[in-house]
Every structure is written in C-alpha cells, then in structure tokens.
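Per the working numbering, the very first residue in the sequence shown carries number 2; after that it's consecutive.
Honestly, the hints are just simulated from the structure, not real lab data.
Please note: incorrect hints may appear among the correct ones.
Calculated lysine-lysine pairs in the DSS-like style (CA-CA distance at most 25 Å, straight line) [unchecked claim]: (1) 87 with 65; (2) 44 with 87; (3) 44 with 76.
Model, not experiment: these values are computed from the prediction.
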Amino acid sequence: QVQLVESGGGLVQAGGSLRLSCATSGRTFSSYAMGWFRQAPGKQREWVASIISDGSTNYADSVKGRFTISRDNAKNTVYLQMNSLKPEDTAVYYCAARLIITPQYSYWGQGTQVTVSS
C-alpha cells in the first residue's frame, strides 16, 4: 500500500511559479512510476507529466517547456515545478503512483488546488 500526500498548491498570478510536492509512504518508492494529473472544473482529469525510477520523463504538450517533474528517491518524494503559469492551468493537481510493470496508476493523493489568476 502506498499513501500519497500533495502539498504546495495555492493562488498565483499568471506568469508566476509554483512547486508541488508529493510525499509517499512505503519502502519501495523507486519501484514506482510517478505521475501528476490535473482536473479543472467541468473537465475530465488529464495527465500532466510522469517520471520513472531512472529519471526519464514525459510531459503533456500543454505543459512541455513550462513544467518540470523530478523525484528524490532518498526522500520518497516527487515534485512538479510549474513556471510561466497560465489561467488555463487552474485545476486540482493529483499525484499518482503505479508499479513500473503495470500500466494503470493504482495509488492517488487527495489533490491540491492550483489557481492562476489573470
């Protein structure tokens, strides 16, 4: 069982930055691929970025070049650095984990609100 706790959300003006953190429990953090997702009001949840244990990353086109996902395996934590924020980035951001050998994310955090004002 893996527990995920996000932090770092808040209100920021367009063009600003935020750094989200996701602290995880468990002793096998490096065995998990980690991802960030977001859900805006009235919209479906969408994938934002993901990272596997060797540090390889992938990003949605909408955030590529502005967001950076990283992980600290020693601290069992994954981060999402968000720069050049836009009002359309406003959403609840969720951290998720999956075993590297499985395609589905099995574990989810409670979410953290990010609001970008224009």
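So, going through the hints one by one against the coordinates:
{"no.": "1", "hint": "87 with 65", "verdict": "holds (13 Å)"}
{"no.": "2", "hint": "44 with 87", "verdict": "holds (17 Å)"}
{"no.": "3", "hint": "44 with 76", "verdict": "violated (33 Å)"}
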